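Put chain P on the given structure of chain S with help from the hints.
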Amino acid sequence: MSKSAELDATAEVKKQYIVVTLGDEFYGLDISFVDNIVRMQKITRVPKAPTHYKGVINLRGEVVPVMSIRKKMGLQEDVITNATRIIILKLQDQGFVGILVDSVNEVFSLGESEIERNFNTKDSKSNFINGIGKNEARLISLFDIDKIATEASK
Amino acid sequence: MDVSQYLDVFIDESNEHIQSLSDNIMILEKEPENADTINEIFRAAHSLKGMAGTMGFKKMQHLTHDMENVFQEVRNDNVKVNSDLIDILFDCLDAIEGYVSTIKETSDEGSEDNAVTIKKLNDFLTKETGSDIVSEKTPEVETTVAETASETNSSDEQNDAVAYTHLPLSDDDKMKVIDELEGGANVIGITVNTSKECLLKAARAFLVYKAVEEFGEIIAYSPSAQDVEDEKFETEFSLLLQTDCDQDDIKSAIENVSEIKSAVIGPVNLDMYHENVAVQEAPDKSETPKVEKTKTILSTIDNSKEQASKTSKNAIAAANKGKPVATRTVRVDIDKLDDLMNQVSELIIAKNTLVARANSSEAEGGADLTEQIEYLERITTGLHESVMKVRMVPIESVVNKFPRMIRDLSRKLNKPMDLIMSGEETELDRTVVDQIGDPLQHLLRNSADHGIEDPKTRKMSGKPETGKIWLTAYQEGNNVIIKVKDDGAGIDTDSVLRKAIERGIVSEEEGKKLSKKEIANFLFMPSFSMAKKITDISGRGVGLDVVKSNVESLGGDVEVHSEMGVGSTFTVRLPLTLAIIQALMVEVRDEKYAIALASIQNIEYIPVTDIKYVQAKEVIYLRGTVIPLVHMDTILDCQDTEDKPEDITVVVVNKGDSSVGVVVDNLIGQQEIVIKSLGKVIEDNKYISGATILGDGEVALIIDVNSLF
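The listed protein sequences derive, respectively, from chains S and P. If you want this note's numbering, it's the position in the first sequence, counting the first as 1, plus 18. If you want this note's numbering, it's the position in the second sequence, counting the first as 1, plus 22.
Treat the hints with caution; some may be incorrect.
To be verified - With the Cβ distance kept under 10 Å, some of the chain P side facing chain S (calculated, not the full set):
no.	residue
1	K505
2	V721
3	L723
Unchecked claim - Selected chain S positions facing chain P (Cβ under 8 Å, derived; list incomplete):
no.	residue
4	M58
5	T62
6	R63
7	P65
8	V81
9	G92
10	A155
FYI, nobody ran anything at the bench for these hints, they're computed from the structure. Remember, predicted model here, so these are calculated numbers, not experimental data. Ideal Cβ placement from N, Cα and C applies to all residues, glycine included.
Isolated chain S, as found in the complex (with noise of 0.2 Å):
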C-alpha cells in the first residue's frame, strides 16, 4: 500500500465491483458498467468471428454478442453449469457486450486503499487486469473494463 494513499483513506470514496468466479479465482467487475446480469440462455453462434467470441443472445429484443473472457485470458474452455452468467456490459463506444462467467457472488465496496496496483504476474491474464482488491483474506483481480473494450473491438 502506498503512503499517500493511506493518508487519503479516510477521505476517500469506495467503489462497488461486482464479484465473479472464473475457476477459483474470483475477480471484481466495476459495477458502474454493469448493465445487467443474465442467465445462461442459448447463444447463436456466428461464423467466422473471432474465436473468443461465443455468438450472440438475445437481451430484452436486442441482439447483444457474448465474449468468453476465459478464451481471451488463455484459460481453459468455459463449462456451462447452472451457475453460469452472462453478465453484460455497457460500454461507451461498443454498446453492449455480454462476458461468461462461471458465478456471481457478491456485491463489494472497495477503497483505493484496498486496491493494490503495482503487481506482476507477467502472464497473459493479468493484461486484463489493472489492480488487486484486498478483502480479508480473499483476493480478488479487478477487471480493467477499458482494456476489455479494446480487446472487444479487435
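Same frame as chain S, but now just chain P:
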C-alpha cells in the same frame, strides 16, 4: 420570446429557397428570356432577404438584397441575362449556402461578408445599366409603386381600419385601458397586417412589438401575446399603446419590419372601451393616416421596392388562387419515426412469438386462436407498411443538386455535357436517401471526368460534341435501382486488367480467364485508380471503392456495365426498406438462418446424382442455365455429418443477372423478420448481414446473399 426558436424553420425554408434559386438559375441559363423564371428567382431572393432580415442576419440580407436589385432590373428589361450574370448568381448562391450552413452549425451567420461577390453583382449592375439609368428609372418605379401600394392599402383599410377600436379585450385589459384614459394618458390603437406570404408571423409580430415598445408602453394585445407567439392569428394583430410620440414615427418604424403589409394607427378614446358603449363606426381620423401612408412609402426607396414586390406577389397569389394548394403535411423529427419503427418491430417480434406458440399448441387452441392471430398478423403488417411509407422520401432531395454540379464540372473540364434525370420521385427510406448522396455524386463525377471524352475526341468518333449523362431511378420489386449512365468512352478492360496484374491482384494466367464484367469490377477495389493524372475531381483512387462500401453498408450493391466507345452504366441497387423484411428461414445442421426473400428466385430439390462438375466446381443444370452450388455448411464452418442425403435442398438466389444455388439442410418457412445489428464488435462479418429475433426468443443470423457471389 426570442427568434432562435425559428432557426430550424429558417434553415429548412432557406434551403428550399436556395434549391429553387438553383433550379431556376439553371433554367434561366438556357432560356434567358423566361419571365416566369425571372419572377420565380426574384421571389425566392426576396423571401430569403425577408427571412434573413427577420432573423437578424444582416450580411445575408445584404447579399440577397443586392441579388434582388439585379433581378429588379432584369424584370424591367434593363439588364439582359448572360453567362457572366449566371456565374455571378451561382457565386451568390454558394455564398448564401455558406451563410445558411454556418448558421446551421453556429446559429450565427459568421463574419464572412462576401464583399467580392456583392461587388461583382453591383459592378455587373452598373456596367449593364449605366448608373444613370438606375437613378432615372427608379423614381418612375417608385411612383407607380406608391400608387398601387396606397390603393391596396386603402382598400384594405375599409376592412381593418376599425380593428383596433373594438378589440375583444379581457375585462382586466379593458379596465387598464379605461384607467389610463381616465388618467389623461394618450392611448393609440395600432392594427398591423402581415403580408399573406409571411412565413414567420410570430417573429414579425415580435419585431413589431419591439419596435413599438421604443415609443411607449403596450397596454393591451389582441390576440393575446401568447397566441401571437404561437402564431394563432391570420394576418392581423392589434395592440394598444400608451405613448406621447408622433404616430407617423411609430408607423414607419412598424412598416420597416419586413413582410408587414400595413399598419393602421389612430387614437383611442374613452368611448371605444367604455363598458356600456358599443362601438360600431370608425373614427373620422382614419382619413389622415391614409394620406400619411403614401408619404411614408415615398420616403425610402427600399420601402417602396419592397412594397412593389409585395404588390406583385399579391397579384401572383391572386392569379394562383384558382387552384388552392393545401399542404397536408407535418414535419416530424426523424428520431420520433425511428422510435415508432422500433415499437412496430417489437410488436412484430411479439406477434411472431404468438404465431410460434399457436402453432405448437394447435390441438388445444383450436381454429379460433389461429384466426385471431391471422387477424393480428394482418394488422401488424399493415401498420408496418404505413410506418415504412411515412419514412419514405423521394430521392429528389438528393439528386436535385446534381444538375448544378454537372454544369460546374462541364465548365471546369471544358467538356460540354448534359445531365438527364428521370425518376426523381422514386421513394426510398429516409436513412437510405440521406446516405446515398455521396456515392451518387462520386459516380456522376466519375462519369463526367473519366467517362465523357473531350469534344474533339467525341467528334472524331462520330458522337455529338455534347456528352450525355443519364441519372435514372426506378423501383423494381423490393429494390430501388439507380443508374448512372454516360455515352462516353467506356471502360478499357485491357488496361484495367494490365493494372490489376501490375498490382498483383491477379496473375496473368487468371487474368485470361476473367470475363469483361469481372475485370470491370476491379475498379471497385480500394485504391485502384485508372486516372492517368490526378485531378481535383476524381482519380485519387478513393472513389469507387468508397461508393461500393457505402452502398453495401445500406444493404445494396453496385455493378458496372461498359462497352468500349459506347459508354458505361453503373447500376446501384438499394433495398426499399431497411428494418423489416420478408425472409425464408432455413436450417443448416441445427442452426437457423434467414435469407431475404427478395433475393430468392426459386427453391429446388435436386438428387445428389444431378450435381455436375465444371472446372472442379459443383454446379447444377437447371432449365437451361448452369448454376454454381454453394454449400452453406462449409461456408458457415458447421460440423460434418455422417448421413449423406439423396436429395439436396437448393435455394436459388440472384444478384443482378447471376444466380447461385445455396445448399441448405432444411426449409422452415417464410417469416417477417426484424433486422437487428450484430453489435459493433462483430459487425463486419462477411457472410452475415445481421441478426433477427425469432418467435421463441432465439437469435437467428441473416445470410448476406451478396457475399456468396
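Going down the list of hints, with the structure as the test:
1. Proximity of K505(P) to chain S is violated relative to the hint, the smallest CB-CB distance being about 33 Å (cut-off 10 Å).
2. Here the hint on V721(P) is kept, as its CB sits about 4 Å from the closest CB of chain S, short of 10 Å.
3. Taking 10 Å as the C-beta cut-off, the interface hint given for L723(P) holds, the closest approach to chain S being about 6 Å.
4. Of the supplied interface hints, the one on M58(S) is violated, with its beta-carbon coming no nearer than about 14 Å to a beta-carbon of chain P, more than 8 Å.
5. Proximity of T62(S) to chain P holds as hinted, the smallest CB-CB distance being about 4 Å (cut-off 8 Å).
6. The beta carbon of R63(S) comes within 7 Å of a beta carbon in chain P, closer than 8 Å, and the hint placing it at the interface holds.
7. With a least beta-carbon distance of about 4 Å to chain P, the hint placing P65(S) at the interface is held under the 8 Å criterion.
8. Checking V81(S) against chain P: minimum C-beta separation of about 4 Å stays under 8 Å; hint holds.
9. The criterion of a C-beta within 8 Å of any C-beta in chain P is not met by G92(S), whose closest approach is roughly 20 Å, and the hint is violated.
10. Here the hint on A155(S) is broken, as its CB sits about 37 Å from the closest CB of chain P, past 8 Å.
Violated hints, listed in ascending order, are 1, 4, 9, 10; each of the other numbered hints is respected by the structure.
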